[in-house]
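Chemist: Just need the whole structure built from these sequences, with the hints factored in.
As you go down the protein sequences, you meet chains A and B in turn.
Counting from 79, one number per residue, gives the positions in the first sequence under the working numbering.
Counting from 79, one number per residue, gives the positions in the second sequence under the working numbering.
Honestly, the hints are just simulated from the structure, not real lab data.
Any given hint might turn out to be false.
Which copy is meant is left open, so a pair is good if it fits within one copy or across any two.
Once the Cα atoms are required to be at most 25 Å apart in a straight line, the calculated DMTMM-like pairs of lysine to aspartate or glutamate come out as [said to hold, decoys possible]:
#: 1; residue 1: Lys740; residue 2: Glu721
#: 2; residue 1: Lys399; residue 2: Glu673
#: 3; residue 1: Lys161; residue 2: Glu132
#: 4; residue 1: Lys809; residue 2: Asp314
#: 5; residue 1: Lys679; residue 2: Asp208
#: 6; residue 1: Lys937; residue 2: Asp845
#: 7; residue 1: Lys875; residue 2: Glu748
#: 8; residue 1: Lys513; residue 2: Glu157
#: 9; residue 1: Lys809; residue 2: Glu852
#: 10; residue 1: Lys269; residue 2: Glu888
#: 11; residue 1: Lys145; residue 2: Glu245
#: 12; residue 1: Lys569; residue 2: Glu233
#: 13; residue 1: Lys679; residue 2: Asp466
#: 14; residue 1: Lys513; residue 2: Glu748
#: 15; residue 1: Lys680; residue 2: Glu659
#: 16; residue 1: Lys638; residue 2: Glu744
#: 17; residue 1: Lys740; residue 2: Glu722
#: 18; residue 1: Lys723; residue 2: Glu744
#: 19; residue 1: Lys267; residue 2: Glu964
There are 2 protein chains.
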Amino acid sequence: MAAKYVYFFGNGKAEGKAELKNLLGGKGANLAEMTSIGLPVPAGFTITTEVCTEFYKNNQNYPQGLKAEVEANLKQVEELMGKRFGDPKNPLLVSVRSGARASMPGMMDTILNLGLNDTTVQGVIAQSGDERFAYDAYRRFVQMYSDVVMGMSKEILEHLLEGKKEERGVHLDTELTAVDWKELVGKFKAKIKETLGQAFPEDPQEQLWGAIGAVFGSWMNQRAITYRKLNNIPADWGTAVNVQSMVFGNMGNDCATGVAFTRDPSTGEDYFYGEYLVNAQGEDVVAGIRTPQPINKAKKKDGDLPAMEDVLPECYAQLAKIRGILEKHYKDMQDIEFTIEKGKLYMLQTRNGKRTAPAAIKIAVDMVREGLIDEKAAVLRVAPNQLDQLLHPSLDPKAAKKVIAKGLPASPGAVCGEVVFTADEAEAAAKTGHKVILVRVETSPEDIHGMHAAQGILTARGGMTSHAAVVARGMGKCCVAGCGDIKVDYKAEQFVAKDGTVVKKGDRITLDGSNGEVMLGEVPTVAPQMTGDFRTLMVWVDKFRRLKVRTNADTPQDSKVAREFGAEGIGLCRTEHMFFEADRIAAVREMILAEDIEGRKKALTKILPMQKSDFIGIFREMKGLPVTIRLLDPPLHEFLPHEEKDIESLATTMGVTVQTLKHKVEFLHEFNPMLGHRGCRLGLTFPEIYDMQVQAIMEAACELNKNEGFSIIPEIMIPLVAVVKELKTLKDNAIRVCDEVIGRYGVKVEYLIGTMIELPRAALTADELATEAEFFSFGTNDLTQTTFGLSRDDAGKFLPFYVENGLLEEDPFVTLDQSGVGQLVRMGCEKGRATRPNIKLGICGEHGGDPASVIFCHKVGLDYVSCSPFRVPIARLAAAHAALEEKK
Amino acid sequence: MAAKYVYFFGNGKAEGKAELKNLLGGKGANLAEMTSIGLPVPAGFTITTEVCTEFYKNNQNYPQGLKAEVEANLKQVEELMGKRFGDPKNPLLVSVRSGARASMPGMMDTILNLGLNDTTVQGVIAQSGDERFAYDAYRRFVQMYSDVVMGMSKEILEHLLEGKKEERGVHLDTELTAVDWKELVGKFKAKIKETLGQAFPEDPQEQLWGAIGAVFGSWMNQRAITYRKLNNIPADWGTAVNVQSMVFGNMGNDCATGVAFTRDPSTGEDYFYGEYLVNAQGEDVVAGIRTPQPINKAKKKDGDLPAMEDVLPECYAQLAKIRGILEKHYKDMQDIEFTIEKGKLYMLQTRNGKRTAPAAIKIAVDMVREGLIDEKAAVLRVAPNQLDQLLHPSLDPKAAKKVIAKGLPASPGAVCGEVVFTADEAEAAAKTGHKVILVRVETSPEDIHGMHAAQGILTARGGMTSHAAVVARGMGKCCVAGCGDIKVDYKAEQFVAKDGTVVKKGDRITLDGSNGEVMLGEVPTVAPQMTGDFRTLMVWVDKFRRLKVRTNADTPQDSKVAREFGAEGIGLCRTEHMFFEADRIAAVREMILAEDIEGRKKALTKILPMQKSDFIGIFREMKGLPVTIRLLDPPLHEFLPHEEKDIESLATTMGVTVQTLKHKVEFLHEFNPMLGHRGCRLGLTFPEIYDMQVQAIMEAACELNKNEGFSIIPEIMIPLVAVVKELKTLKDNAIRVCDEVIGRYGVKVEYLIGTMIELPRAALTADELATEAEFFSFGTNDLTQTTFGLSRDDAGKFLPFYVENGLLEEDPFVTLDQSGVGQLVRMGCEKGRATRPNIKLGICGEHGGDPASVIFCHKVGLDYVSCSPFRVPIARLAAAHAALEEKK
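Modeler: Below, the structure is given as structure tokens:
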């Protein structure tokens with residue numbers, strides 16, 4: 079049986095359905111679904127994603143039989159609409175749009191009004207009775223088609239259009255007449271022929287196949303490839319093509335076009351949120367060129383143009399009813415597009431709406447309350463990575479701030495950065511570690527890479543559903559859009575705010591994406607506040623997950639924050655950060671400069687009480703939860719200055735000669751410190767350092783257990799172990815010190831001694847290490863560095879190139895490389911458990927807070943993940959997803 | 079049944095035999111064997127190595143039953159000798175010696191003349207009729223026993239002895255009388271009591287058990303531990319204890335003691351080589367205090383004292399006969415010890431003699447000719463590592479040299495270094511990269527670590543069988559011994575040669591271990607000459623091995639040397655060394671400083687013809703054998719200077735500002751260059767570099783194949799691959815360039831493209847890499863660095879500590895870490911072959927020349943190993959050993 083390549087929809091009947099999203103793309107599947115449930119959808123058909131895949135597999139040729147199927151479906155549309163494609167009297171016009179499995183806003187090309195030519199335009203004039211509309215539609219088609227299908231630079235025709243406006247002495251497109259448009263169509267076509275050496279196609283069939291080819295072609299354009307890369311969409315998914323009969327929102331003042339969300343995508347509020355434009359075509363709303371009007375009165379603000387609820391009350395009532403039908407049907411918040419043609423409402427699209435993290439949480443929790451979904455579905459409805467925005471700091475309400483402008487709160491968050499005016503600058507600056515705010519009049523798909531690189535985005539034009547707003551929300555990035563208060567001057571590399579403030583490239587500004595404020599300079603931020611809905615959701619999350627979530631914390635303060643975020647212990651407490659504290663760095667340096675063990679011991683004696691008080695503080699905050707403390711890890715030279723000036727200054731402070739200090743610095747210099755004299759190698763060559771640390775840990779535990787009734791079980795972790803004898807020697811030393819302290823305090827304190835698995839050799843010989851280690855913590859940062867032979871500090875020169883060029887799917891320092899590093903983690907788990915079945919297994923690399931990596935950790939059977947305090951909720955949610963997905 | 083702890087030998091009958099070496103130690107087993115085959119051996123018994131092992135397992139307690147067995151065996155000895163232990167009239171005196179499974183010369187403690195006390199000494203006087211001899215034996219016993227068993231510092235009694243000589247106005251021990259010795263015995267005992275607070279034991283039983291305990295105790299002394307570590311002898315082998323009735327070489331001029339080798343241990347010549355001393359005890363020969371006399375006339379030199387052949391002709395004849403018996407019996411060259419007591423010959427030891435590499439080869443080849451052993455046995459008789467000395471350079475015979483002294487040619491080789499006078503200095507200097515010559519009056523076991531660290535050893539005293547000579551030969555280290563031409567002054571840190579030359583600490587001298595010459599300054603060396611025996615042996619070697627041996631060579635010269643050593647191809651040709659050549663470094667730097675791809679290409683165009691001529695030279699030398707060329711590997715900053723001064727000078731040369739050059743150097747700086755922007759990462763970000771190199775390789779191959787009739791198949795190797803897409807991209811690029819060149823020359827040239835496996839991730843994903851790679855070469859240097867997380871450049875601060883303290887058995891950069899890195903190599907082979915069954919597999923890390931690692935490579939089924947030219951014969955021999963051992 080031949081494959082079916084085309085699926086029809088129209089007049090209440092559809093061959094497709096929502097479940098066929100993989101085959102029909104999101105847009106096509108939902109057009110079919112909406113048709114089936116009786117919503118008013120202009121008739122059309124969908125060419126499947128399989129055709130796209132075959133097209134690329136087959137050297138860009140269409141599969142056999144496609145042509146006939148398209149013809150048959152087009153005939154059906156003609157019959158339903160009572161129009162004929164190419165008919166001079168009553169022509170059918172169609173739109174041709176892409177529609178991939180996953181929504182890719184603004185990424186793919188669209189062609190409207192297809193079927194127009196010098197003959198059929200007469201039919202449109204006859205049918206609509208509006209010559210200006212007809213020629214406006216015609217010139218739009220010529221502009222779009224020449225750009226998207228024929229590959230002609232947009233600016234050339236725009237230039238002709240501007241010339242016409244100048245000639246006519248007008249400023250706006252709407253001021254041009256039918257005659258102007260007609261003339262322009264002629265000029266456009268002549269210019270196209272002149273520029274490209276080929277005529278604009280008059281034959282509607284040729285137009286149609288040109289457009290279908292262009293949609294498939296756009297699947298492989300640079301913007302689409304970039305978007306897929308950023309969003310992990312496989313190239314072989316392909317896109318569908320939707321051919322649909324046109325309806326027009328720009329045939330007069332009883333026409334309109336709009337987009338809406340069934341709930342507020344920014345806050346999640348159960349409120350019909352949308353924007354529309356009277357007498358406009360769809361792309362006018364999305365492109366952000368005209369600032370649109372609200373659809374209803376409820377949130378209308380002073381100065382807003384009239385709401386659709388007032389202007390087109392019947393259509394609004396019908397749309398509001400459809401909103402309810404869609405939410406009940408899809409059981410999720412929908413993002414819809416509609417057009418009103420001469421007072422009749424048409425639905426052009428519905429899809430699950432993108433939303434901010436607070437909105438995602440509120441909608442999920444509300445929908446459970448409303449009985450639409452259950453708790454599991456609610457948990458799965460919130461993407462773990464999305465929580466990141468929620469957990470970012472917001473502006474300190476008590477801080478002084480100079481607001482220079484206000485725009486739309488398009489995507490929440492509070493960020494500060496240096497102003498740049500192009501996407502390329504944003505990317506370049508970010509690569510050198512600068513935090514930047516991308517300021518644009520408006521953004522377009524060409525700006526994606528700059529938006530990705532920037533901390534936040536500020537646009538002068540465009541609404542809440544403009545390109546900038548939608549993409550920023552998708553990225554979880556702060557965005558203030560449609561900020562008419564600023565005038566951007568690209569040439570002068572500056573913008574001027576309404577109050578006269580001039581902000582030049584490189585100046586720092588702060589954006590508040592939650593209220594749309596733009597502030598001069600850097601405004602302090604505060605830790606995020608957790609909402610009630612968030613807490614409700616997290617209670618469900620904790621019901622479903624198996625994996626425990628700990629935190630990486632080095633101070634009582636970090637420990638406290640992490641506890642509030644739900645951390646169930648500390649997976650990594652790095653003691654070296656304590657060494658850097660101002661009150662002890664002098665003693666640390668004294669220890670390093672000591673000539674012999676006695677000198678070192680003397681200095682360590684000074685550090686001991688300070689380390690002990692650190693541990694007391696941390697243990698107290700963690701209230702008996704497990705705390706894994708890593709003994710000193712970095713090479714000693716990290717504690718000494720390296721610049722001539724600093725060495726001189728320190729020499730004076732320390733009372734040694736500059737020469738002595740310099741010699742020490744030189745002696746300690748390493749070519750590859752990452753692979754040098756650090757970790758347990760220090761503990762073995764200078765056992766007195768680890769002895770002091772173990773003593774501090776155990777004295778802290780003994781005192782709290784004895785005097786404050788805690789039952790703390792410290793987990794002492796030995797870093798950078800490569801061979802079991804290192805671990806055995808240091809474990810024996812630690813046990814000796816522990817037992818001495820326990821004996822001295824006369825309390826019974828249990829403790830565990832384990833190791834990091836952060837070198838390939840440790841994973842390879844985990845069976846041997848487990849003879850000594852009571853727990854393993856996978857240090858996947860260093861394990862990634864050594865497995866790849868890749869220094870994180872130096873990778874900046876080529877790793878971005880790797881990710882951009884698909885040499886690596888992901889930055890392996892962000893998402894665990896499952897096929898390489900993951901093999902070692904799996905091996906470490908299996909070998910460790912083979913030797914010691916009850917060995918505790920965890921991960922403390924930064925991957926512990928990355929959702930994809932957390933899911934991997936669940937699968938390989940770790941007991942816990944550990945991550946930075948602010949990522950604890952993300953890890954909890956990812957762990958719940960892992961458990962729920964597993965059950966499916 | 080209770081274990082048997084003691085084995086008797088005496089009067090032609092023995093309970094042990096040579097095969098029981100593990101149980102009885104080498105010395106004990108061979109004493110038993112010699113007894114059985116009818117050689118004159120003083121009666122005695124051996125306490126087994128199992129007793130030693132149990133002694134240490136059991137908290138230093140002897141197993142039950144040992145005491146009774148020792149008593150019974152002692153009784154048997156008494157009966158055979160007709161003397162009684164402790165008998166005042168006719169006392170039995172015994173020696174107590176250690177004897178481990180492997181020979182450990184000078185490492186273990188020995189006690190002679192045990193059984194003497196104030197009563198029994200009278201019996202010895204009565205029996206020997208020589209009071210002076212008796213008291214001399216007595217005082218020797220007291221000295222040895224107090225040192226070895228009681229732990230008293232030797233110097234204290236030596237001091238008393240010196241005092242006595244002064245008092246008596248004499249210089250030599252031999253000038254002291256019976257009365258003097260008697261008095262000294264008394265003083266010694268008083269001093270021992272005073273110093274240690276305990277009396278010297280009078281009871282012979284107490285003496286015996288004290289001595290047995292001391293031998294077992296010496297198994298764990300520092301010297302023994304160090305020796306075991308250097309020679310990979312497990313601690314749990316234990317030592318046996320040999321208790322044997324004393325015979326005396328110092329009872330008059332019809333007495334003597336000596337050591338001999340059945341063939342010359344230095345050259346392998348079939349000639350009875352030995353030294354003896356008249357009227358001396360055994361340790362006098364070995365300790366090197368008196369310079370001994372030759373045993374026969376054949377090699378007697380002017381100035382030598384009379385040969386034993388002349389002085390004791392009957393004993394010599396008997397000994398010469400025994401030499402033949404032993405060689406036929408053991409089928410190997412023997413190292414023997416003998417004593418002549420009043421004209422009667424006794425054999426005290428035989429063992430396989432240590433020998434130099436040339437001697438090992440000559441003896442093995444001669445013994446095949448003599449029909450004693452077969453070719454396989456001959457191949458196994460030569461230790462691969464031993465060849466190293468043979469393959470070291472010797473002095474250039476045409477070079478001018480200033481010979482300042484001449485000593486004994488104790489261990490061959492030619493070395494140059496800075497003079498140091500203590501073992502500690504030698505070790506310290508070697509650690510900082512200095513090459514040193516250790517100069518001592520004589521060496522003792524305490525000097526082992528310094529001998530190990532030095533390039534060569536020069537001693538003023540001692541013969542060819544002195545401590546220095548034996549140990550140096552074992553280590554394969556150049557040694558000139560017994561050089562009476564120099565006067566060493568430790569205090570002034572200098573020595574004065576006979577010609578008056580003063581050589582101070584830090585001055586450079588050259589030693590020639592083949593003729594005993596000591597030269598001032600550095601004398602140039604030449605590549606070693608291969609002897610006919612060597613060639614004969616290597617023909618046999620090549621018959622038995624399966625593994626191919628290639629070489630690492632970067633120049634035509636290296637390639638030529640390697641071919642002469644039998645290399646079967648080049649396994650690693652590093653192109654970066656070519657970049658450093660004076661005539662091209664300027665162009666390389668120009669390329670690095672270029673602002674854009676055009677500038678880089680321009681500079682590369684200059685390098686292309688030079689690289690091409692390099693490859694032509696190498697291909698010509700290799701005459702069509704496979705050549706694996708690694709594309710550029712090191713980070714670009716390695717080609718730029720880093721010191722302020724050098725940057726300034728280069729800036730002038732390059733015609734750029736200092737600032738520009740500094741910026742470039744700073745921009746290229748890396749924190750961990752080992753893990754940085756190098757290898758294929760360069761090839762991907764600067765594809766024009768690899769394109770140029772591939773072009774140079776292929777043009778060279780095309781020209782030679784076309785014009786000179788070669789059939790060269792270049793193997794292009796892409797370094798530092800971590801993910802398959804790197805390899806795929808670079809392979810596609812290389813194929814494009816290759817095909818372009820081949821097309822241009824119009825010749826058919828095959829080529830292979832493969833990769834190094836030098837990162838853990840490459841080994842872990844070798845199945846994926848093999849989809850692209852036509853060969854793998856395991857780069858075990860970098861693989862060891864990344865698997866251990868250990869920078870070779872920085873490990874100097876702790877790796878020696880690791881090896882010394884047994885944290886690592888071996889330096890993993892010398893011998894492949896089989897349990898860690900080896901797992902990855904094995905995995906890489908298995909996964910690679912699973913994807914591509916005929917994939918070529920080799921190794922090009924320095925482990926390719928290490929015998930233990932070569933055997934591992936054979937076992938995992940590699941096709942070849944590649945090593946430095948001078949190690950090619952070592953690798954060939956090791957490969958043959960691997961194949962022969964496998965068949966066993």
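Chemist: What are the numbers of the hints that this structure violates, sorted from low to high?
Modeler: 2, 3, 5, 8, 10, 11, 13, 16 and 19
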